[in-house]
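Q: Listed here are the chains, written in short residue letters.
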Amino acid sequence: MLIKQADEVHPSEITPENVYLNRRAFIRIASAAGIGLASSVVFPELLHGQDRWPQGKKGPYDVDDELNKFKDITTYNNFYEFGVDKSDPSENAGSFRPKPWTVRIEGEVKKPATYNLEDIVKPSQVEDRIYRHRCVEGWSMVIPWRGFPLADLIKRIEPTSRAKYVAFETVYRPEEMPGQKRRVLEWPYVEGLRLDEARHPLTLLAVGLYGKELLNQNGAPLRLVIPWKYGFKSIKSIVKIKFVEKEPPTTWNLLTPNEYGFYSNVNPDVDHPRWSQKTERRIGEFLKRKTSMFNGYGEQVSGMYAGMDLKKYF
Amino acid sequence: MPKTQWEIRVLKPLVFLLGLVPAGLLVWKAIAGELSANPIKDITEETGIWTLRFILCTLTITPLRRISGWALLARFRRMIGLFAFFYGSLHCVTYIYLDQFFAIDEILRDVAKRPFVTVGFAAFVMMIPLALTSSNRIAKWMGGKKWRLLHRLVYLTALGGVIHYLWLVKADTQRPVMYGGVLAVLLGYRMWEYFRSRHVTEKTIPRVKANLA
Numbered sequence: 001m002l003i004k005q006a007d008e009v010h011p012s013e014i015t016p017e018n019v020y021l022n023r024r025a026f027i028r029i030a031s032a033a034g035i036g037l038a039s040s041v042v043f044p045e046l047l048h049g050q051d052r053w054p055q056g057k058k059g060p061y062d063v064d065d066e067l068n069k070f071k072d073i074t075t076y077n078n079f080y081e082f083g084v085d086k087s088d089p090s091e092n093a094g095s096f097r098p099k100p101w102t103v104r105i106e107g108e109v110k111k112p113a114t115y116n117l118e119d120i121v122k123p124s125q126v127e128d129r130i131y132r133h134r135c136v137e138g139w140s141m142v143i144p145w146r147g148f149p150l151a152d153l154i155k156r157i158e159p160t161s162r163a164k165y166v167a168f169e170t171v172y173r174p175e176e177m178p179g180q181k182r183r184v185l186e187w188p189y190v191e192g193l194r195l196d197e198a199r200h201p202l203t204l205l206a207v208g209l210y211g212k213e214l215l216n217q218n219g220a221p222l223r224l225v226i227p228w229k230y231g232f233k234s235i236k237s238i239v240k241i242k243f244v245e246k247e248p249p250t251t252w253n254l255l256t257p258n259e260y261g262f263y264s265n266v267n268p269d270v271d272h273p274r275w276s277q278k279t280e281r282r283i284g285e286f287l288k289r290k291t292s293m294f295n296g297y298g299e300q301v302s303g304m305y306a307g308m309d310l311k312k313y314f
Numbered sequence: 315m316p317k318t319q320w321e322i323r324v325l326k327p328l329v330f331l332l333g334l335v336p337a338g339l340l341v342w343k344a345i346a347g348e349l350s351a352n353p354i355k356d357i358t359e360e361t362g363i364w365t366l367r368f369i370l371c372t373l374t375i376t377p378l379r380r381i382s383g384w385a386l387l388a389r390f391r392r393m394i395g396l397f398a399f400f401y402g403s404l405h406c407v408t409y410i411y412l413d414q415f416f417a418i419d420e421i422l423r424d425v426a427k428r429p430f431v432t433v434g435f436a437a438f439v440m441m442i443p444l445a446l447t448s449s450n451r452i453a454k455w456m457g458g459k460k461w462r463l464l465h466r467l468v469y470l471t472a473l474g475g476v477i478h479y480l481w482l483v484k485a486d487t488q489r490p491v492m493y494g495g496v497l498a499v500l501l502g503y504r505m506w507e508y509f510r511s512r513h514v515t516e517k518t519i520p521r522v523k524a525n526l527a
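Sequences listed follow chains A and B, in order. Okay, so the first sequence: first residue is 1 according to my numbering, each after it adds one. Okay, so the second sequence: first residue is 315 according to my numbering, each after it adds one.
Everything labelled a hint here was simulated from the structure, so no lab data went into it. Values in this document were obtained by computation on a predicted structure and should not be read as measured data. There could be a bad hint or two in this list.
Label pairs and their calculated CB-CB ranges [unchecked claim]: (1) Ser-95/A to Asn-450/B: 33 to 39 Å; (2) Ala-306/A to Thr-487/B: 35 to 41 Å; (3) Ala-445/B to Arg-97/A: 50 to 56 Å; (4) Pro-112/A to Ala-337/B: 35 to 41 Å; (5) Arg-489/B to Lys-111/A: 44 to 50 Å; (6) Arg-489/B to Ser-302/A: 36 to 42 Å; (7) Pro-60/A to Phe-415/B: 50 to 56 Å; (8) Pro-174/A to Ala-337/B: 48 to 54 Å.
A few chain B positions that, by computed beta-carbon distances, are all more than 10 Å from chain A [what the hints assert, rightly or not]: (9) Glu-321; (10) Leu-331; (11) Ala-351; (12) Thr-376; (13) Pro-429; (14) Val-439; (15) Leu-446; (16) Leu-482; (17) Lys-484; (18) Leu-500; (19) Gly-502; (20) Met-505.
All C-beta atoms, glycine included, are put in the ideal place defined by N, C-alpha and C.
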């Protein structure tokens, strides 16, 4: 096993990269806006009455939609490990310790090992991406994530030819995650992707949002973001990534197989048995908007599902 | 009975104001920006849960009165029932206006296709005749027997409310099950009373009269 002991000082213990980047971002924002408020980084909405991040040109993966507020993204969460109400994660995640953090990578890989988070993140180019986020419950947000493609990590890890799927697991710490004290779901939370989905350039391992480190309620310190699938696929606080041959079990599918499929691609034509998926309420808006196939990412991802009956493989 | 009148004069307005507190809090939170990022869902959930709470409250009056012997309680049953209808109406309007924005086709599809909406809608519709016939005059005009028979619909409304709640939650059934437990106790008490009273018929006659008061 390859567990590095922390006899050296990790970069994150000095100045986390995000904070460092944040400072630069702050200088950029502050000088551009001519406002010398340190709080403008913490509360970007102070700048123009709404959050502005990131500045500058948009990348090929960014959407043009207006960003949701930092406050909304960090106080309206589904993270049952901290409680079932939307306000629970932000209220109950205070005692969760995302540092130090290790991730076990195992299964059909050439180099199974337990890695320090730094060693997973550092070799990759961290970037900002503005993604749509569609919850299976019928609401959506637009979130500026910070992270790197999962494909990057997969390349370094070198899965064997037998690897067809990737299974993910959330940390299990009932002492720090009060929601885990009751068996509302089977703990630990597990999710999975087909290997081609995991390798898709849109699939992100996020470490931050709005240019800041991820807050506990958003899945610190490492979470998945798959913008064309319902939000629950984007597993939070990942401690294990396992490469496997067969389709791995997923938590919501285990609970109600007829309501939550393995794929769970955003699809307005396949209703949740108990509610319609045709429309969604973008948080911050009054009228509902129409939901797009693959959450509007069809051009990039539909090829992966060519010939598949998406009503059957929902 | 001046004492009773005094109690009513003080307690009735008090209960009335208390009944308005949940709605007032909701309005205050909305104005102060204290609602969550999805305020429409907050309003839907708050008005819904208070409907169920008031339904259960109104069903508590009779057992409580019998057990405590405090006859005055009966005077609050109608008001609490009407509050249930008030919150139920708010809940329904929130769904039709704020949530669906009068998309009639969507609403009808929901009612037809989504069992939890069907049950909730039916539970609300069953409250309408109860609210309409709540006045003393109408009760007298209908006659006690018919009126009581009609108002047994409240049991179905309550059951519908609990099922509506149970069927809409995603994973955690703890809260709806709790409300279901309270309802089971309240209905169980009535069944127990019913079977007991069949053996002691003479005792039930004055009770029936008291019900009408």
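Q: Now look at each hint and say whether the structure bears it out.
A: Hint check:
no.	hint	in the structure
1	Ser-95/A to Asn-450/B: 33 to 39 Å	57 Å, violated
2	Ala-306/A to Thr-487/B: 35 to 41 Å	39 Å, holds
3	Ala-445/B to Arg-97/A: 50 to 56 Å	54 Å, holds
4	Pro-112/A to Ala-337/B: 35 to 41 Å	58 Å, violated
5	Arg-489/B to Lys-111/A: 44 to 50 Å	47 Å, holds
6	Arg-489/B to Ser-302/A: 36 to 42 Å	40 Å, holds
7	Pro-60/A to Phe-415/B: 50 to 56 Å	35 Å, violated
8	Pro-174/A to Ala-337/B: 48 to 54 Å	38 Å, violated
9	Glu-321	39 Å, holds
10	Leu-331	28 Å, holds
11	Ala-351	4 Å, violated
12	Thr-376	33 Å, holds
13	Pro-429	8 Å, violated
14	Val-439	20 Å, holds
15	Leu-446	31 Å, holds
16	Leu-482	7 Å, violated
17	Lys-484	7 Å, violated
18	Leu-500	26 Å, holds
19	Gly-502	27 Å, holds
20	Met-505	32 Å, holds
When each numbered hint is compared with the structure, violations occur for hints 1, 4, 7, 8, 11, 13, 16, 17.
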